[in-house]
Amino acid sequence: MVENNKKIPKRRFKQFKNADAWEQRKLEDFGKSTGGTSIESEFDELGKYKVISIGSYSETNQYTDQGIRANKTKKTENRILNKNNLTMILNDKTASGNIIGRVLLIDSDNSYIFNQRTERIEVYENEYLPEFLYQFLNADNIRGKIICASQGNTQIYVNWTSIRELTYEIPVLKDEQRKIADLFNQLDNLIAFHQRKLNKLKTLKKAHLSEMFPAEGERVPKRRFSGFFDDWEQQKLGEIGTTYSGLSGKTKEDFGHGKACFIPYMNIFSNPIIDLNDIEYVEIDEKQNEVKAGDVFFTTSSEIPEEVGMTSVIIENKPNTYLNSFCFGYRPIKSIDNYYLTYMLRSKSVRKSIAFLAQGISRYNISKNKVMGIEVPLTTTNEQQRIGAFFRDLDHLIALHQRKLEKLKNLKKAYLNELFV
Numbered sequence: 001m002v003e004n005n006k007k008i009p010k011r012r013f014k015q016f017k018n019a020d021a022w023e024q025r026k027l028e029d030f031g032k033s034t035g036g037t038s039i040e041s042e043f044d045e046l047g048k049y050k051v052i053s054i055g056s057y058s059e060t061n062q063y064t065d066q067g068i069r070a071n072k073t074k075k076t077e078n079r080i081l082n083k084n085n086l087t088m089i090l091n092d093k094t095a096s097g098n099i100i101g102r103v104l105l106i107d108s109d110n111s112y113i114f115n116q117r118t119e120r121i122e123v124y125e126n127e128y129l130p131e132f133l134y135q136f137l138n139a140d141n142i143r144g145k146i147i148c149a150s151q152g153n154t155q156i157y158v159n160w161t162s163i164r165e166l167t168y169e170i171p172v173l174k175d176e177q178r179k180i181a182d183l184f185n186q187l188d189n190l191i192a193f194h195q196r197k198l199n200k201l202k203t204l205k206k207a208h209l210s211e212m213f214p215a216e217g218e219r220v221p222k223r224r225f226s227g228f229f230d231d232w233e234q235q236k237l238g239e240i241g242t243t244y245s246g247l248s249g250k251t252k253e254d255f256g257h258g259k260a261c262f263i264p265y266m267n268i269f270s271n272p273i274i275d276l277n278d279i280e281y282v283e284i285d286e287k288q289n290e291v292k293a294g295d296v297f298f299t300t301s302s303e304i305p306e307e308v309g310m311t312s313v314i315i316e317n318k319p320n321t322y323l324n325s326f327c328f329g330y331r332p333i334k335s336i337d338n339y340y341l342t343y344m345l346r347s348k349s350v351r352k353s354i355a356f357l358a359q360g361i362s363r364y365n366i367s368k369n370k371v372m373g374i375e376v377p378l379t380t381t382n383e384q385q386r387i388g389a390f391f392r393d394l395d396h397l398i399a400l401h402q403r404k405l406e407k408l409k410n411l412k413k414a415y416l417n418e419l420f421v
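Taking this note's numbering, the leading residue of the sequence shown gets 1, the next gets one more, and so forth.
It cannot be assumed that every hint is accurate.
Unchecked claim - Derived DEER-like restraints, expressed as beta-carbon distance ranges: (1) Asp175 - Ala207: 46 to 54 Å; (2) Glu59 - Ser226: 40 to 48 Å; (3) Ala95 - Thr161: 55 to 63 Å; (4) Ser226 - Asp140: 24 to 32 Å; (5) Asp29 - Ala95: 50 to 58 Å; (6) Arg331 - Thr64: 23 to 31 Å; (7) His257 - Ala95: 31 to 39 Å; (8) Lys352 - Thr251: 34 to 42 Å; (9) His257 - Glu316: 42 to 50 Å; (10) Gly67 - Asn98: 16 to 24 Å; (11) Phe228 - Ala207: 35 to 43 Å.
As the list claims (entries may be wrong) - Here are the simulated BS3-like pairs of lysine-lysine, each with C-alpha atoms no more than 30 Å apart in a straight line: (12) Lys202 - Lys412; (13) Lys292 - Lys370; (14) Lys348 - Lys368; (15) Lys250 - Lys292; (16) Lys197 - Lys407; (17) Lys409 - Lys206; (18) Lys145 - Lys17; (19) Lys205 - Lys368; (20) Lys14 - Lys50; (21) Lys197 - Lys32; (22) Lys174 - Lys259; (23) Lys10 - Lys407; (24) Lys200 - Lys50; (25) Lys7 - Lys409.
Think of the hints as simulated: they come from the structure by calculation, not from any bench. In this text, a Cβ means the ideal position worked out from N, Cα and C, and glycines have one as well.
Sequences are here, hints too, so could you generate the full structure?
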C-alpha cells in the first residue's frame with residue numbers, strides 16, 4: 001500500500017486499509033511503570049526467582065538466564081513480575097546501543113524479579129496487546145529514539161524520566177495490533193527453529209572435527225567409517241609440500257583495479273574453502289606467485305593465539321589469482337584429497353599444534369618454517385575421500401540453513417521498517 005499519511009505505515013494488512021490512522025501515544029501511556037532497585041543483597045543460588053538484569057537482555061530480544069536467583073523479601077516483593085509484564089533495560093554495556101531500550105515479555109507469573117536499571121511496564125491490556133508492544137518497542141527504528149536520548153561515553157544509559165514522554169504512532173485497533181504481533185511471532189519462531197538447527201549442525205561438525213582425526217599421540221581416530229582399519233601415518237608438512245609468499249612490493253595504488261585478483265585475508269580466516277566470490281582486484285607483475293587448485297593458505301597473525309595460522313584451501317583453479325601479503329601459500333607435492341586437507345588442517349589436534357607456535361604479546365604471529373615442522377595425520381586415499389566428502393556435505397547443509405536464517409532475518413527487518421510508522 002502506498003503511504004499517503006505520515007500516521008499510516010508503508011505496509012498495512014488489507015482488512016485495515018480503510019481503518020483509522022494510527023494515533024500518537026507517549027511511552028508512559030502503554031502501562032504503569034516501576035523502576036528497579038539494587039537487589040544484589042538478596043541473591044541466593046537456591047532462590048525461587050530468576051533475576052532480570054542487564055545480562056538478561058540480548059540482541060535477539062530473548063531472555064538470557066545468567067543463573068542468578070533471589071527470594072521474596074521485603075526488598076524484592078514489589079519487584080516480582082507477572083505474565084505479560086514488559087521489562088525495559090535502561091543501560092548498555094557499550095556505546096554501541098545494541099542493548100539499551102530492549103524489552104522482554106514475561107512469560108509466566110511469579111517466576112522473575114527485576115534488578116536495578118530495568119523498568120517494569122504493567123501493560124494497560126484494555127488498550128494494548130503486550131505481544132504487540134514487545135515487537136514494537138524492540139524494532140530498531142522505534143528503539144532508535146531511546147538511543148538518541150542516551151547519555152554517557154563508554155557505557156550509555158537513559159533515565160525513565162527522560163524517555164517516558166517519547167511519542168510513538170500506534171494502531172488503536174487491537175485487531176490490527178494482534179495481526180502485527182502474530183506475524184512477527186511466526187517469524188520469530190521460524191528464525192529460532194532454523195537457528196537451533198544451525199547450532200546443532202555446527203556442534204556436530206565441531207565434535208566430528210575432534211573425533212574423525214587422531215588425537216595427539218594416537219594412530220587411529222575415535223570415530224571412523226566402517227571398512228577402514230589401518231593405522232594412520234604422521235608426516236611433517238615440510239615433507240609433503242612447499243611454501244610460497246603472498247603479494248610483495250605493492251602499494252595502495254595497486255589495489256582496487258587491474259586485471260588480476262587476489263584472495264584477501266578474511267576470506268582465508270573465515271572459510272575452510274576459499275570463496276571465489278570474495279576476491280579483490282590488483283595490478284600485478286611477473287614476480288608474483290599465482291595460486292593453483294589444491295593450494296593451502298595460512299594466515300600468519302592474529303589477536304589471540306587460538307586464531308593464528310587459520311587455513312583455507314582453494315578447490316578450483318582461477319587463472320591470474322594471487323595471495324594477499326599477510327598470508328603464505330602451501331602447495332602439496334604428495335597427492336592428498338583437497339577436501340580432506342581442508343578439514344584436517346582445521347581439526348582440533350592440528351589447530352592445537354599451530355596455536356602452540358604463536359608468539360607475541362598484543363598480536364600473535366607464527367613462523368612459516370616452524371609450521372612446516374608440524375606433523376599432520378594422513379590415511380589412505382579412499383578414507384581421505386570419505387572424510388572430505390562428509391565434511392563438505394555437512395558444510396553445504398550448514399550454509400543452506402545459514403542462508404535460510406539470513407533470509408528470514410532480512411524479511412523481518414524489512415517488515416519492521418514497513419509495518420511501523
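Now the hints, each set against the structure:
1. In this structure, aspartate 175 and alanine 207 meet the distance hint of 46 to 54 Å, their C-beta atoms being roughly 48 Å apart.
2. Checked against the hint of 40 to 48 Å, the C-beta distance between glutamate 59 and serine 226 comes to roughly 44 Å, which is consistent with it.
3. A hinted range of 55 to 63 Å for the beta carbons of alanine 95 and threonine 161 is inconsistent with their spacing of about 22 Å.
4. Against the hinted window of 24 to 32 Å, the Cβ-Cβ separation of serine 226 and aspartate 140 comes to about 51 Å, which falls outside the hint.
5. Range check, aspartate 29 to alanine 95: about 30 Å between beta-carbon atoms, so the 50 to 58 Å window is missed.
6. For the pair arginine 331 and threonine 64, the beta carbons lie near 46 Å from each other, so the given range of 23 to 31 Å is not met.
7. For histidine 257 and alanine 95, the Cβ-Cβ distance of about 36 Å falls inside the hinted range of 31 to 39 Å, so the restraint holds.
8. The given range of 34 to 42 Å is respected by lysine 352 and threonine 251, whose C-beta atoms sit roughly 38 Å from each other.
9. Under the hint 42 to 50 Å, the C-beta atoms of histidine 257 and glutamate 316, about 24 Å apart, miss the expected range.
10. Taking the beta carbon of each, glycine 67 and asparagine 98 are about 22 Å apart, inside 16 to 24 Å as hinted.
11. A hinted range of 35 to 43 Å is violated for the C-beta pair phenylalanine 228 and alanine 207, which are about 19 Å apart.
12. A distance of roughly 24 Å separates the Cα atoms of lysine 202 and lysine 412; the hinted pair therefore holds under the 30 Å criterion.
13. In summary, the hint linking lysine 292 to lysine 370 is supported, as the alpha carbons are separated by about 23 Å, within the 30 Å threshold.
14. A distance of roughly 20 Å separates the Cα atoms of lysine 348 and lysine 368; the hinted pair therefore holds under the 30 Å criterion.
15. Taken as a hint, the lysine 250 and lysine 292 pair is honoured in the structure, with Cα atoms around 21 Å apart against an allowance of 30 Å.
16. With a C-alpha separation of about 15 Å, the suggested pairing of lysine 197 with lysine 407 holds against the 30 Å cut-off.
17. A hinted pair counts as satisfied when its Cα atoms are at most 30 Å apart, and lysine 409 with lysine 206 qualifies at roughly 25 Å.
18. A threshold of 30 Å between alpha carbons decides the hint, and for lysine 145 with lysine 17 the separation of about 27 Å falls inside it, so the pair holds.
19. At most 30 Å may separate the alpha-carbon atoms for a hinted pair to count; lysine 205 and lysine 368 meet this at roughly 28 Å.
20. With a C-alpha separation of about 42 Å, the suggested pairing of lysine 14 with lysine 50 is violated against the 30 Å cut-off.
21. Between lysine 197 and lysine 32, the direct Cα distance comes to roughly 39 Å. Violation of the 30 Å bound is thereby established for this hinted pair.
22. Distance hint between lysine 174 and lysine 259 is unfulfilled; the C-alpha atoms sit about 60 Å from each other, more than 30 Å.
23. About 21 Å separates the Cα atoms of lysine 10 and lysine 407, which keeps this hinted pair within 30 Å; it holds.
24. Between lysine 200 and lysine 50, the direct Cα distance comes to roughly 27 Å. Compliance with the 30 Å bound is thereby established for this hinted pair.
25. Our distance criterion of 30 Å between C-alpha atoms is met by lysine 7 and lysine 409, whose separation comes to about 26 Å.
The structure does not agree with the numbered hints 3, 4, 5, 6, 9, 11, 20, 21 and 22 stated previously, though it agrees with the rest.
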